[in-house]
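Number of protein chains: 2
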Amino acid sequence: MFAVTILGNNSAVPAFGRHPTAQVVTFNGVNYLVDCGEGTQIQMINYKIRRSKISHIFISHLHGDHYFGLIGLINSFGLLSHQQELHVFGPAGLKEIIELQLKVAETTLPFNLYLHTITGAATLVDNEKITIKCFPTNHRIECYGFVFEEKKMPRKLIPEKAIEFEIPQSFYERLRLGEDYTKKDGSIVKNEWLTEEGPHCRKYAFCADTKYDESIIPHIANADMIYHETTYLDNLKDRAESRFHSTTKQAALIAKKAKVKKLLIGHFSSKYDTLEEFELEAKEVFPNTRLALEGTCFNI
Amino acid sequence: MFAVTILGNNSAVPAFGRHPTAQVVTFNGVNYLVDCGEGTQIQMINYKIRRSKISHIFISHLHGDHYFGLIGLINSFGLLSHQQELHVFGPAGLKEIIELQLKVAETTLPFNLYLHTITGAATLVDNEKITIKCFPTNHRIECYGFVFEEKKMPRKLIPEKAIEFEIPQSFYERLRLGEDYTKKDGSIVKNEWLTEEGPHCRKYAFCADTKYDESIIPHIANADMIYHETTYLDNLKDRAESRFHSTTKQAALIAKKAKVKKLLIGHFSSKYDTLEEFELEAKEVFPNTRLALEGTCFNI
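For the record, the sequence lines run as chains A and B. Just so we're aligned: 14 in numbering that gives the first Met the number 0 is position 15 of the first sequence, and the numbers increase by one with no gaps anywhere. Just so we're aligned: 21 in numbering that gives the first Met the number 0 is position 22 of the second sequence, and the numbers increase by one with no gaps anywhere.
Each hint should be verified, as a subset may be incorrect.
Claimed, not checked - Just some of the chain A residues that point at chain B, by a computed CB distance under 10 Å:
1) Gly16
2) Pro19
3) Gln40
4) Ser54
5) His60
6) Ile70
7) Gln100
Since the hints were derived computationally from the structure, they do not count as laboratory data. Just so it is clear, CB atoms sit at the ideal spot from N, CA and C, and this is done for glycine as well.
Could you build all of it, start to finish, from the sequences and the hints given here?
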């Protein structure tokens, strides 16, 4: 399973039953939390997200609607005797805030907490299953998006071909890694005759808060799904620009230019009580758009 | 109107739909917020508490379930263009935490925010209508309770008596303040012949987190209503003691010894999914006990 569950889709202040930004990326039995607005731990209870499966949290920036729930979640992990180590990635300042709040309460956590400071585009997690990278976005304060990408899978061996070309079984693993085979007579058996492309490597990008900025495209290009903020409808393009946010059509244009397969939109301004217009406007530019409705799980 | 509305009655972590501590004392058209656990601003929306009427916030101590919602509320006040000045009272450390969080977000508030540090028993607010004081409680870290008391009202003039004793009208105001009247012949007209006791001055005390400690009694004595924590049922008295919390019967005993009229109990441990036992146990010692259920408004 590689999926994202939306816990909060509103901007700035809670309104109309909508909560501040938080989403959970589930991959290979692990829950990765992206942003953690106030009340995220309660939304996790509401939507039955297993908190014990969280080992990594990524905070895009230090506007409160993206991180005010973090200290509460860490604190609850402590009270609930979470054992697993917890890695939190966020911009400079986050570490100091969390450490200060733990200090004044004289809190000793029962697990190791690692607060990592992001300072630019970087690889944050890199294991045999997944790579998680961050990239800067264009917002009023330092802000980062996050890209989750499955590790490139080995090529798929075609057994009958391997037998036909008399490849020794001891070489099969190297075939899966893409190597050609050289026979004793020096002739070469091309890898592409013996194997097929492995499964597609899925990719999801969370584009955080950002004004319209095509410089993020190389980071998110060809993703299976991206989440891009649409704080405003298109008629408030000037307001979006001045507040370092995006409109529906701007988000959709980024999705189109980045050649992604699907676009989720969220971070709706509290001035809007209904969301239909957001979907309609974005679909004019990029048809495969979905509203990031709270409680919804989207497969990647 | 002098009343308290419960927004959160749970301890430590949110559970069973219960939220961390927060309550609103409404007096003379003003909302005073006492403690502000995570999600308090959402609870205010749920229970239609007018945020614009809040000018004072009192934080008992720096365990997260009592203040993690404060920065979000202050931030929302800013985004909602709150104009009125805001006074926040809390123990040392709170000012630094809030100022740091405002700084990293480069937030400029549209109102004056005053962060007052409490350092011991003191009068925090004293105007012509109300006095609000704090007193230390006995908890794992520095912690304060708060007492809200109506100002002593003038005595009530009995007009026919004032006429009978030929008191000049210019002296009526001094009669209301309790003075005797001295006639020209030197004889004294006793105030009690001319006036009656003014209306009763109502008093409410929030006793914060505390282990059983009779030293709080002088601060809360004869209150019309107190809120006292009951984190545990009575069979967990040892656990309550070691964690600086109280049980049902301990809270009820404090209420009884302090000769208060009504007891509200809350701050229930997340280990309890139902609350009936709390009420039954406390009532054995102090019959006029009520569960501090969320969303309930209690007249003082």
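Satisfaction of the Gln40 (chain A) interface hint, Cβ to chain B closer than 10 Å
holds, 6 Å
Have a go at the Gly16 (chain A) hint: is there a Cβ in chain B nearer than 10 Å to its own Cβ?
Result: holds, 9 Å to nearest chain B Cβ.
Does the CB of His60 (chain A) sit less than 10 Å away from some CB of chain B?
Interface hint status for His60 (chain A): holds (8 Å vs cutoff 10 Å).
Given a cut of 10 Å on the nearest C-beta pair, is the interface hint for Ser54 (chain A) held or broken against chain B?
violated, 19 Å
Answer holds if the nearest beta-carbon of chain B is closer than 10 Å to that of Ile70 (chain A); otherwise answer violated.
The hint holds - Ile70 (chain A) has a Cβ within 10 Å of chain B, the shortest such distance being about 6 Å.
Gln100 (chain A) was flagged as interface toward chain B. Is the shortest Cβ-Cβ separation under 10 Å?
holds, 6 Å
Chain B contact restraint for Pro19 (chain A) - C-beta distance below 10 Å
holds, 8 Å
Comparing the model with each earlier hint shows a violation of hint 4 alone; every other hint is respected.
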